[in-house]
Amino acid sequence: MAKEYRTIRNDVALPYQWALGKTWTRFFDGLKEERILGTKCKDCGKVYVPARSFCPTCFTDTTEWVDVPPRGTLVTWTLVNASWYGQVKEPPYIVALIRLEGTDCDFHHYVDGFDITDEKERKRKLKTGAKVKAVWSPAKNADIRDIAWFAPVK
Amino acid sequence: MGNAVAIIGTGQTRHGRRSDACYPDLVREAVTAALEDAGITLADIDGVVLGTMPSMMEGVSSTHFYFAEALGSVGKPVLKVETCGSTGQSIGHCGFFWVASGMADIVLVVGSEKMSEGDGQATMTTVFDPFFQRTFAAGAPGVFTMQSMEWMYRFGIPEEKGREAAALISVSNHDNAMDNPHAHIRMRVTMDEVKNARVITYPVRLLDVCPASDGACAVVFASQKAVRKSGRKPAWIRGLGFRGEEFFYGESDKAVWMSATEAAGEAYRQAGIRDPLKELDVAEVYNPFTYQEMIFYECFGFCPRGEAPDYVLRGTFLKGGELPCCPSGGTLCTNPIGATGLIRMAEAALQVTGKAGERQVEGAKLALSHAMGGVDQFNGITIVGSTL
Amino acid sequence: MAREEHRIVKGQVLVPYELALGKTWSAFYDYLKEEKIMGKKCGRCKRVLVPPRSFCPRCFEDMEEWVEVSPEGVLETWVYVNMPFFAQEIRIPFISAQIRLDGSDSGFIHRVAGIDLQDFEKVREIVKLGGRVRAVWNPEKKGSILDIDYFEPVD
Chain A
1 MAKEYRTIRN
11 DVALPYQWAL
21 GKTWTRFFDG
31 LKEERILGTK
41 CKDCGKVYVP
51 ARSFCPTCFT
61 DTTEWVDVPP
71 RGTLVTWTLV
81 NASWYGQVKE
91 PPYIVALIRL
101 EGTDCDFHHY
111 VDGFDITDEK
121 ERKRKLKTGA
131 KVKAVWSPAK
141 NADIRDIAWF
151 APVK
Chain B
1 MGNAVAIIGT
11 GQTRHGRRSD
21 ACYPDLVREA
31 VTAALEDAGI
41 TLADIDGVVL
51 GTMPSMMEGV
61 SSTHFYFAEA
71 LGSVGKPVLK
81 VETCGSTGQS
91 IGHCGFFWVA
101 SGMADIVLVV
111 GSEKMSEGDG
121 QATMTTVFDP
131 FFQRTFAAGA
141 PGVFTMQSME
151 WMYRFGIPEE
161 KGREAAALIS
171 VSNHDNAMDN
181 PHAHIRMRVT
191 MDEVKNARVI
201 TYPVRLLDVC
211 PASDGACAVV
221 FASQKAVRKS
231 GRKPAWIRGL
241 GFRGEEFFYG
251 ESDKAVWMSA
261 TEAAGEAYRQ
271 AGIRDPLKEL
281 DVAEVYNPFT
291 YQEMIFYECF
301 GFCPRGEAPD
311 YVLRGTFLKG
321 GELPCCPSGG
331 TLCTNPIGAT
341 GLIRMAEAAL
351 QVTGKAGERQ
361 VEGAKLALSH
371 AMGGVDQFNG
381 ITIVGSTL
Chain C
1 MAREEHRIVK
11 GQVLVPYELA
21 LGKTWSAFYD
31 YLKEEKIMGK
41 KCGRCKRVLV
51 PPRSFCPRCF
61 EDMEEWVEVS
71 PEGVLETWVY
81 VNMPFFAQEI
91 RIPFISAQIR
101 LDGSDSGFIH
111 RVAGIDLQDF
121 EKVREIVKLG
131 GRVRAVWNPE
141 KKGSILDIDY
151 FEPVD
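Chains as they are written, first to last, in the numbering used here: chain A, 1 to 154; chain B, 1 to 388; chain C, 1 to 155.
Derived from the structure by calculation, the hints contain no laboratory data. Incorrect hints may appear among the rest.
Said to hold, decoys possible - Derived DSSO-like pairs: lysine-lysine, alpha-carbon spacing no greater than 27 Å straight-line: (1) C:Lys128 <-> B:Lys161; (2) C:Lys122 <-> B:Lys161; (3) B:Lys161 <-> A:Lys46; (4) C:Lys10 <-> B:Lys195; (5) C:Lys10 <-> A:Lys89; (6) C:Lys128 <-> B:Lys195; (7) A:Lys140 <-> C:Lys122; (8) A:Lys32 <-> C:Lys10.
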């Protein structure tokens, strides 16, 4: 016998249809119109983006919708230079947390719009607290990539 | 059994196809209802237990992360427990262990499933090993039908008699579901409709099989101290049992089914039950398949082996019978799998606290709840009573 | 245009795996290529299990002894599957079956075929609980469970 031990390749592919619910449906409809929508808790006053149906702190329903400006400050970031199966974007790319103006939580997205492979450029542009703004995708699908990325602003 | 533990509140969603709600919102719907029923807030909860089917059902791994806010588990200890179909009983047991150990006064236990979002049978097929048996697996119906065929053959039950009894189980569960505002399938069916429905896995037909439901259930477990403080009528945990078997299908005897028999036996010993048919007032048996429900009746000692169809046809388990089974309409009419076993426990608690509304079995004091999981591999039982 | 209040998003999760068969199961498939169905026998309880195990699930002892079992056995139970689902390996209708191979002490899961499966009423005249079935080998061996193509009823 050639080998005593063997492995077999066995991929698991499964289809899903995930329900967005009312709150997230409206949030993504907003992106399609180039609006970033948050919800505000009537008890603690915090504004959440993406919009939440309830306040994670107070456990009460959020009822008030807020238009959030498409700009904010950089909280943290990293350059992704690793590959894996089913990755949606080809590395290298930058993922970041952004605190949008008027909100009380950080928003997870890409940062791009300059030569991200240039280390000096990165150091110059991507300081914590740096201002960034949303760059919209020309084609909209009512999903999170309707925002193409956030770009540093001077 | 450790310190005394009781259920002081339960909450269920409206079960069914819930495309109107994203998954965390569905979970929160049950949590909110349970908190209200128990008269407590999130601040009163010492720990949270979540259960669902395998992550492949959800398409999101480790859903206790995804649901942290909806569970109210932020800043609290959280556990996830999975045993496929018996998950609901396993998480209930886990809530019991936590309070019985004295480490917590109030534990919130939540089971949930959104069956409409994935491919249920394809997911369940991945519970089989990838080398030997998955190829031939046909989800849950394949296994449960093979088991039912084996059982009828073993005890010489004529196919027509099995068919007649299974049809009556379908009709009565559908009737019962009409009394349950949470139930997914709420329609009456006739014996003829059941017997002539489309074949799924012969002899099992469409109306012998549960639906794929979206739904969640939350149950609040409390210590004696917390029961007093709540002022709520408690459903005391009187006994529980859980047993597993070997993994490979075909290795253990499913016609007499050790895990179902011994899980019930263990729970009966703790609860001091000798004659379950006489002593129990109501049972919520996990019955996604009509034929299989009869095997459970035998394993739980409700009747002798091979005689379940006779007892069924005599009306023993109907509303008003000696031991009404599944007055909620059961799993047959509502099956959000990760929640289902906990729904059985919640329904049993509602019965012994007199809160079951239209589906109340008059004067019920002692109730059995049950769930089964895996490739006929696990069985869990919890018995609740109106007194300790 | 009226706005939808809620909607669903379609997606797919595709995850690749490379699964180790281990020593016992690798050998089982090597034997299948030679058209031999091999089980393992427990030194303590003496049960012969097919598929073979590296240890006895009840005694928790290593299973050392290989035993060849018969390609024929008794049909313990079966199911006529008429239900489609995503990525199903065998086209419906098909028959899943539990077969007690002669010389073994556990049920072996495979399929019954080699007969016209379209009409259930005809199928049930041929496929009987307690009846005997025999392995039909796949001429092409891939090191999978379908190296046994199917089991056919024996008169």
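- Message: Check the structure against each numbered hint from earlier and tell me which ones fail, lowest number first.
- Response: 3, 4 and 7
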